[in-house]
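4 protein chains.
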Amino acid sequence: MLEELKQKVYEANMELPRRGLITYTWGNVSGIDREKGLFVIKPSGVDYDVLKPSDMVVMDLEGNKVEGEMNPSSDTATHVELYNGFKEIGGIVHTHSPHATAWAQAGRALPCYGTTHADYFYGEIPCARNLTAEEIEEGYEKNTGKVIIETFQGKNPVYIPAVLCKNHGPFTWGRDAAEAVHNAVVLEEIARMNFMTELINPQAGPAPQCMQDKHFMRKHGPNAYYGQGK
Amino acid sequence: MLEELKQKVYEANMELPRRGLITYTWGNVSGIDREKGLFVIKPSGVDYDVLKPSDMVVMDLEGNKVEGEMNPSSDTATHVELYNGFKEIGGIVHTHSPHATAWAQAGRALPCYGTTHADYFYGEIPCARNLTAEEIEEGYEKNTGKVIIETFQGKNPVYIPAVLCKNHGPFTWGRDAAEAVHNAVVLEEIARMNFMTELINPQAGPAPQCMQDKHFMRKHGPNAYYGQGK
Amino acid sequence: MLEELKQKVYEANMELPRRGLITYTWGNVSGIDREKGLFVIKPSGVDYDVLKPSDMVVMDLEGNKVEGEMNPSSDTATHVELYNGFKEIGGIVHTHSPHATAWAQAGRALPCYGTTHADYFYGEIPCARNLTAEEIEEGYEKNTGKVIIETFQGKNPVYIPAVLCKNHGPFTWGRDAAEAVHNAVVLEEIARMNFMTELINPQAGPAPQCMQDKHFMRKHGPNAYYGQGK
Amino acid sequence: MLEELKQKVYEANMELPRRGLITYTWGNVSGIDREKGLFVIKPSGVDYDVLKPSDMVVMDLEGNKVEGEMNPSSDTATHVELYNGFKEIGGIVHTHSPHATAWAQAGRALPCYGTTHADYFYGEIPCARNLTAEEIEEGYEKNTGKVIIETFQGKNPVYIPAVLCKNHGPFTWGRDAAEAVHNAVVLEEIARMNFMTELINPQAGPAPQCMQDKHFMRKHGPNAYYGQGK
Chain L
1 MLEELKQKVY EANMELPRRG LITYTWGNVS GIDREKGLFV IKPSGVDYDV LKPSDMVVMD
61 LEGNKVEGEM NPSSDTATHV ELYNGFKEIG GIVHTHSPHA TAWAQAGRAL PCYGTTHADY
121 FYGEIPCARN LTAEEIEEGY EKNTGKVIIE TFQGKNPVYI PAVLCKNHGP FTWGRDAAEA
181 VHNAVVLEEI ARMNFMTELI NPQAGPAPQC MQDKHFMRKH GPNAYYGQGK
Chain H
1 MLEELKQKVY EANMELPRRG LITYTWGNVS GIDREKGLFV IKPSGVDYDV LKPSDMVVMD
61 LEGNKVEGEM NPSSDTATHV ELYNGFKEIG GIVHTHSPHA TAWAQAGRAL PCYGTTHADY
121 FYGEIPCARN LTAEEIEEGY EKNTGKVIIE TFQGKNPVYI PAVLCKNHGP FTWGRDAAEA
181 VHNAVVLEEI ARMNFMTELI NPQAGPAPQC MQDKHFMRKH GPNAYYGQGK
Chain C
1 MLEELKQKVY EANMELPRRG LITYTWGNVS GIDREKGLFV IKPSGVDYDV LKPSDMVVMD
61 LEGNKVEGEM NPSSDTATHV ELYNGFKEIG GIVHTHSPHA TAWAQAGRAL PCYGTTHADY
121 FYGEIPCARN LTAEEIEEGY EKNTGKVIIE TFQGKNPVYI PAVLCKNHGP FTWGRDAAEA
181 VHNAVVLEEI ARMNFMTELI NPQAGPAPQC MQDKHFMRKH GPNAYYGQGK
Chain F
1 MLEELKQKVY EANMELPRRG LITYTWGNVS GIDREKGLFV IKPSGVDYDV LKPSDMVVMD
61 LEGNKVEGEM NPSSDTATHV ELYNGFKEIG GIVHTHSPHA TAWAQAGRAL PCYGTTHADY
121 FYGEIPCARN LTAEEIEEGY EKNTGKVIIE TFQGKNPVYI PAVLCKNHGP FTWGRDAAEA
181 VHNAVVLEEI ARMNFMTELI NPQAGPAPQC MQDKHFMRKH GPNAYYGQGK
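Chains as they are written, first to last, in full-length UniProt numbering: chain L, 1 to 230; chain H, 1 to 230; chain C, 1 to 230; chain F, 1 to 230.
Some clues are possibly wrong.
Mimicking DSSO-like on lysine-lysine, the simulated pairs with C-alpha atoms at most 30 angstroms apart in a straight line are [as the list claims (entries may be wrong)]:
1) F:142 <-> F:219
2) F:146 <-> H:219
3) F:65 <-> F:142
4) C:52 <-> F:219
5) L:65 <-> C:219
Pulled a few chain F residues facing chain H out of the computed Cβ check, cut under 7 angstroms [as the list claims (entries may be wrong)]:
6) 23
7) 45
8) 70
9) 101
10) 103
11) 105
12) 106
13) 136
14) 140
15) 143
It is worth saying that the hints were derived from the structure and are not from the lab.
For each residue, glycine too, the CB sits at the ideal point set by N, CA and C.
All chains, please: the whole structure from these sequences, using the hints.
Below, the structure written as structure tokens:
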């Protein structure tokens, strides 16, 4: 079932090591079929070298395995929460990409220092709080998802398709698995640039709001004119 | 038309990912035929994997598309301004290369800390100011070019073939598209070295003027003796 | 003798340059056959290009060469001490991987800033003290092992399979040579992330203990549920 | 003439881009035949892609070209001075490798923070002073060599086969061209590690002298026991 989606999610997973976002098996990508209410996710702890499209695990939105011989990613319950909480998204990525993870470990939101950021993310990328001991005990992965959703109260997850989980690492999302991976690549790159920006000028401030508006909207707004108008 | 120039501009564009200056489609190179008053530029948002010489778009110096099926780079109006403002240049590059962009985001000119810099750029590489909200509204890309030209009042763009646009990223130029790319590579490398230089010694100062003169002139002056005398 | 172990130790050694942990011959991996009380180690100063499984040297736990035409690694006496002091371990790695070595040179334990660390190492990775002039004189490599063991008094080397030797570099270990290399790769990656973490936020603190417990135990505790339950 | 030496110097030059020490043509390697009093050096500004052994230029120790169609490296006069001043050396390398150059631009000697350094360099690697305007005017490249030699008054260039030239970059040397390149690789690696060391711990101090003695001497002293005793 969902063979085409499995293939796409497989390919999105394979893009992670190709883009240098992954050491060993530290990441997972999923993609959802909204009509069927089912999503496809990488199995847990399987090497990218041997991963096959048919290894992808099919899950429903209550967190039940619907198809697949392997255990799904240990972070599956986080994906479930995000798909339920953010109705517009079609794909989710988690990595431990080094620069984004460093910001998450530092417990800081990623400021919008420039147009590279503003081309993809509208405003700073928030850093979600730590889970409490009770939340960890009760359901670590599920509550990770709930805390991300809490972090986005008053924010638009379509306009800011990424979050840093404190002392952990980033999650990104998008219209589908491929776009979620694309956003993970961009997040890592801007985390790297912003790290250097602050060392070069500790007084650096965010890009002017009008510039952020311009760049985000020329790629994403109703009058977007970047690219070939697809 | 301009098949030879298209081929050269295509090759200069392809050098960007090969040199590690580009993530996804974040860059563009153009080259001009001064006699005809036409320039050739990469189309907007096209993957480097599928880019072909025939995809290059031909533009005139008033910003009209003369030939090409695709939309030109979204930064085309900046290239138009630079070709009109800097009559001596034959090629232009824009990238978001990470170290140069970090300096741009930090809003700082790149000091000349050594001979690697002085071999190519005579004095510090300036950082252009942010555009005002009005300038952005009126014509963002065009006014980006105007602000760069304003930045070079009293400076020689042939001696300093690069600029950092605040909160954005670098533009470089050269006698042709290939040299502009060459300068983009050098800029990224010195931005990286200079970043480290200041962390190693916050009191580091620029290279002595006599040393800057010597290095720039042994490669670029009338009595240049570097290379094989081409 | 020990042909299978030699092959595995050879392969573990070859993984070091593949993972970018090694410049020239700056590293060594060994693996032990606990039943026979013999271990196999890389010869000293041999290029990875020409290294063969049959070059591996067989040593006993008193530091005598049992088989092999070449000199064993100059750090062999350290391996002997660690195998004798840490009875549960089956493989040992020494490298000068750059980020881990930078922490060792800084003389600081590696704090647990996040889950990437906590997935593999339970608590901070200690930095062993310098040897005294007498200890160096008496037996540098052997006493390096003794000082590592001293550093682990009150700590569980199975739960923290790594150490930084001050002004020198890291040693890691594991159930076998392959796992010891895996831990060396992870150590380098977290040393890199943690370096950036402190620069992004000098006040960054360790991950909450409940989070460290959760991550370490979901991979290593009796109720581990990461991976495919092998 | 000197075909074998040309081949070796050619190979040593080609090792520079392979090891990532070089951008474009920013480096040069030479090797000397002490009996004949002639050395072989890379031509100036020739791309590594097209460089051939027969392009190597033969020079005498007074700086005269003895054979070769091309101009020798623009730094040839520095090599002449070093061969005349340091009689024990057989090969010289100049690069702008980024980390070593950052230290040179910072104007600081490279401290010996650990055994990676001490395995190759006995004590800190000095930073040579800037040339005066007069020295630059009179003979920039020649006086660069003279200032390096001045920097080594009271130091042994065989024990410290490297120098940083302020606001410029490193020179390394060795028994032959290949060893000089080897030392350039090591210098870049320790410059990188030491950069991070100081950021991790601004109070980091050099490795204890007894440790530096031990490591340098176990590889280089009369009782060296590292490697296979070649």
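### Message
Against the 30 angstroms threshold, does the CA-CA distance of residue 146 of chain F and residue 219 of chain H hold or violate the hint?
### Response
Satisfied, since the Cα-Cα distance of roughly 23 angstroms is no more than 30 angstroms.
### Query
Does residue 136 of chain F meet its interface restraint, that is, does its C-beta lie within less than 7 angstroms of any C-beta in chain H?
Holds - the Cβ of residue 136 of chain F comes within 7 angstroms of chain H, reaching about 5 angstroms at its closest.
#### Entry: Given pair status - residue 219 of chain C, residue 65 of chain L, alpha carbons within 30 angstroms
The given pair, whose Cα atoms are some 21 angstroms apart, holds under the 30 angstroms limit.
### Satisfaction of the residue 105 of chain F interface hint, Cβ to chain H closer than 7 angstroms
Hint holds; residue 105 of chain F Cβ to chain H Cβ min 4 angstroms, cut 7 angstroms.
### Pair hint residue 52 of chain C and residue 219 of chain F, alpha-carbon separation not exceeding 30 angstroms
This hinted pair holds, its Cα atoms lying about 23 angstroms apart.
### Per-residue hint verdict: residue 101 of chain F, partner chain H, C-beta under 7 angstroms
holds (5 angstroms)
#### Entry: Residue hint residue 45 of chain F, partner chain H, criterion CB-CB below 7 angstroms
holds (3 angstroms)
### Query
How about residue 140 of chain F: closest beta carbon in chain H under 7 angstroms, or not?
For residue 140 of chain F, the interface hint holds, since the closest Cβ of chain H sits about 5 angstroms away, which is under 7 angstroms.
### Task
Have a go at the residue 23 of chain F hint: is there a Cβ in chain H nearer than 7 angstroms to its own Cβ?
Cβ of residue 23 of chain F sits 5 angstroms from chain H, so the hint holds.
### Query
Is the Cα-Cα distance between residue 142 of chain F and residue 219 of chain F 30 angstroms or less?
violated (33 angstroms)
### Hint status (Cβ of residue 143 of chain F to nearest Cβ of chain H, threshold 7 angstroms)
violated (11 angstroms)
### Query
For the hint on residue 103 of chain F, does the least C-beta distance to chain H fall short of 7 angstroms?
The hint holds - residue 103 of chain F has a Cβ within 7 angstroms of chain H, the shortest such distance being about 6 angstroms.
Figure legend: structure checked against the earlier numbered hints; hints not met, in rising order: 1, 15.
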